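A.B. asks: Chains A and B, in that order, give the protein sequences. All residue numbers for the first sequence refer to this note's numbering, where the first residue is 14 and numbers rise by one. All residue numbers for the second sequence refer to this note's numbering, where the first residue is 3 and numbers rise by one.
Hints were generated in silico from the structure; no laboratory data involved. Since the structure is predicted, the reported quantities are computational estimates derived from the model, not experimental observations. Check each hint, because a few of them may be wrong.
Each pair of labels, with its calculated beta carbon distance range [as the list claims (entries may be wrong)]:
id, chain 1, residue 1, chain 2, residue 2, range
1, A, Arg19, B, Arg289, 34 to 42 Å
2, A, Ser78, B, Phe159, 29 to 37 Å
3, A, Gln50, B, Ala352, 16 to 24 Å
4, B, Gly125, A, Glu63, 47 to 55 Å
Note that beta-carbon positions come from the ideal geometry of N, C-alpha and C, so glycine has one too.
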Amino acid sequence: MQVMNRDTLRTLAAANGLTIPEERLELVLREYESLMQTLRELNALQLPAEAEPADTFSLAPPPLSSGRR
Amino acid sequence: MPSESEGDNERTTRRRFLEMSTVALTGLAGASVSTSINHSPPRAPSRVSGSGGSSDLPSLSIADAARLISSRRLSPVELTTAVLARIETLNPRVGAFITVAGEQALAAARTAEREIQRGAYRGPLHGIPVGVKDTYYTKGIRTTAASPVLRNFVPDFDAAIVERMLKAGAILTGKLNLPEFSFGGYTPGCNNPWDLTRNAGGSSGGAGAALAASLVLGACGGDTSGSIRNPASTCGVVGLKPTFGLVSRYGVVPISWTLDHLGPMARTVTDTAILLGTIAGHDPRDRSSARVPVPDYRNMLRRNVRGLRLGVIAPAEIDGFHPDTRDAFSAAVKVLESLGAEVREVAFPARMKVAARCQRIIRICEAAAYHRQFLTTDAVNSYISDVGRSGPGVSRVRTTVEAGSLLTAAQYVQAQRARALFIDDMHKVFEPLDALLSPTMPSPAGVPVSPPETFRDWWNVCGFPAISLPCGFSRNPAGLPIGLQVCTRPFHDGLALVVAHAFETATDWHQRRPPL
Numbered sequence: 014m015q016v017m018n019r020d021t022l023r024t025l026a027a028a029n030g031l032t033i034p035e036e037r038l039e040l041v042l043r044e045y046e047s048l049m050q051t052l053r054e055l056n057a058l059q060l061p062a063e064a065e066p067a068d069t070f071s072l073a074p075p076p077l078s079s080g081r082r
Numbered sequence: 003m004p005s006e007s008e009g010d011n012e013r014t015t016r017r018r019f020l021e022m023s024t025v026a027l028t029g030l031a032g033a034s035v036s037t038s039i040n041h042s043p044p045r046a047p048s049r050v051s052g053s054g055g056s057s058d059l060p061s062l063s064i065a066d067a068a069r070l071i072s073s074r075r076l077s078p079v080e081l082t083t084a085v086l087a088r089i090e091t092l093n094p095r096v097g098a099f100i101t102v103a104g105e106q107a108l109a110a111a112r113t114a115e116r117e118i119q120r121g122a123y124r125g126p127l128h129g130i131p132v133g134v135k136d137t138y139y140t141k142g143i144r145t146t147a148a149s150p151v152l153r154n155f156v157p158d159f160d161a162a163i164v165e166r167m168l169k170a171g172a173i174l175t176g177k178l179n180l181p182e183f184s185f186g187g188y189t190p191g192c193n194n195p196w197d198l199t200r201n202a203g204g205s206s207g208g209a210g211a212a213l214a215a216s217l218v219l220g221a222c223g224g225d226t227s228g229s230i231r232n233p234a235s236t237c238g239v240v241g242l243k244p245t246f247g248l249v250s251r252y253g254v255v256p257i258s259w260t261l262d263h264l265g266p267m268a269r270t271v272t273d274t275a276i277l278l279g280t281i282a283g284h285d286p287r288d289r290s291s292a293r294v295p296v297p298d299y300r301n302m303l304r305r306n307v308r309g310l311r312l313g314v315i316a317p318a319e320i321d322g323f324h325p326d327t328r329d330a331f332s333a334a335v336k337v338l339e340s341l342g343a344e345v346r347e348v349a350f351p352a353r354m355k356v357a358a359r360c361q362r363i364i365r366i367c368e369a370a371a372y373h374r375q376f377l378t379t380d381a382v383n384s385y386i387s388d389v390g391r392s393g394p395g396v397s398r399v400r401t402t403v404e405a406g407s408l409l410t411a412a413q414y415v416q417a418q419r420a421r422a423l424f425i426d427d428m429h430k431v432f433e434p435l436d437a438l439l440s441p442t443m444p445s446p447a448g449v450p451v452s453p454p455e456t457f458r459d460w461w462n463v464c465g466f467p468a469i470s471l472p473c474g475f476s477r478n479p480a481g482l483p484i485g486l487q488v489c490t491r492p493f494h495d496g497l498a499l500v501v502a503h504a505f506e507t508a509t510d511w512h513q514r515r516p517p518l
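Isolated chain A, as found in the complex (with noise of 0.2 Å):
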């Protein structure tokens, strides 16, 4: 499933901020489908809907104030 190429690749980088060098195209491009091929394996693990990401975060509470008002 080839949907990227070497002109829409530099495009979404032009996009992103970042300008990669015509000689670097091809090995971006590689890695890139290669990052894409690993993200539909994932994507087949049908998370259920309630599966929130491992990296949410957490507060503490305050420390009890000791001073009187």
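Starting from the known structure of chain A, arrange chain B on it as the hints suggest.
C.D. replies: For chain B alone, coordinates are given in the frame of chain A:
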């Protein structure tokens, strides 16, 4: 520069320290012999090297050196001098150090000597020469991450781990080698002391090689996909990836904030426990740092493994591993079983193997975020180039983070959702277990195999602790170390050390030294 009278005092002090050191070393040689159980995995020729330095002092364990130093039978200056001499002799062949901080180390050793002389002994790291991976910020000492991008970076503060080690009196001898920005399991220019034609592994390859070659007594590395355990196994030393949050990440060049773990490496499990006890603990400067008490890990090592429930990775899961690795692993399991542990086979649910792939997406997305500061400036031209180059030693950092920069936020979050699933599943795997065993690496150094899973980066995904320790040597090729990985529940790092220590005490793999 000390005054003349101070210099005389120093010489006198050192003489007094040194008068006892030969006697002490002779005594230790007998004391270090442990009971061995021979379950017949292949063995390398036993040999203690001494050609790299003027003495065997650099080969001492931290625990033995500390015993001598605390009783004033060994001077930190003498120990550090011997270590620096060995580094000077062997580092050109081993390539473990990027930067040697010889003058600073000697100055610190003199300070330690004076402190101990006046009775201000700080503990088991006082006067002990150590090294840290060259991603750790070190005040006034360049921190390059092995990249031309940071070639001139000299931090103005120390990483949290460095702070804690220096406060404990450790002597920082220098900065240890790694692949560019810690990317990969191959450290260019860092040769394996067991076979200098092979690599030391990575990314904490310098730490593994330095320990195996007795160029430091202890070290600290970093582990995002197995980068402490890989070189520990490959170089025949001990390496612990602690529970995520147990050891502060503050002041270390990152790969990935939610996968990076920093931890100790040493030649024995006891030394690893000493180092962990020094560097563990809450640090508000690290947002992931856990507020948990730090137990006395060294004291915990008195416990045995009788009755512990040990999961053993099922043979089918490691089908593609090297036969010598599988044999050494089977023999290691038998050792622990003979010590009274209850052993049961473990196979992982299929969906865990898929969910574990989130590691790659998370790692690369987070790395891309960090590297944006370089990708969008002239610094981008300083990365090591991979254009027209291939092979294990070629850095692909720039390509990886450029591609990672093009993934979407939703894709990153999906990977973190898969990670949560994986963590939940791993907790279920551990319900009937106290610890889980597997080979650390699928093969000895540089021997090509292609198993579907290596079970190393899984512990970075879930954050559970994992330690690697020597469990044998290969037959073909001959004489390369093989590592055993012991994993436990979060914050049960002490239990991982207990299992590792029981195995180490029953075997002698950790006493072998490479033929340098």
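A.B. asks: All the hints need checking, so say for each whether the structure fits it.
C.D. replies: For each hint, the structure was consulted:
1. Arg19/A <-> Arg289/B: 34 to 42 Å: At 39 Å between Cβs, range holds.
2. Ser78/A <-> Phe159/B: 29 to 37 Å: holds (32 Å)
3. Gln50/A <-> Ala352/B: 16 to 24 Å: holds (18 Å)
4. Gly125/B <-> Glu63/A: 47 to 55 Å: About 48 Å separates the Cβ atoms of glycine 125/B and glutamate 63/A, which means 47 to 55 Å holds.
In terms of the numbered hints stated before, the structure departs from none.
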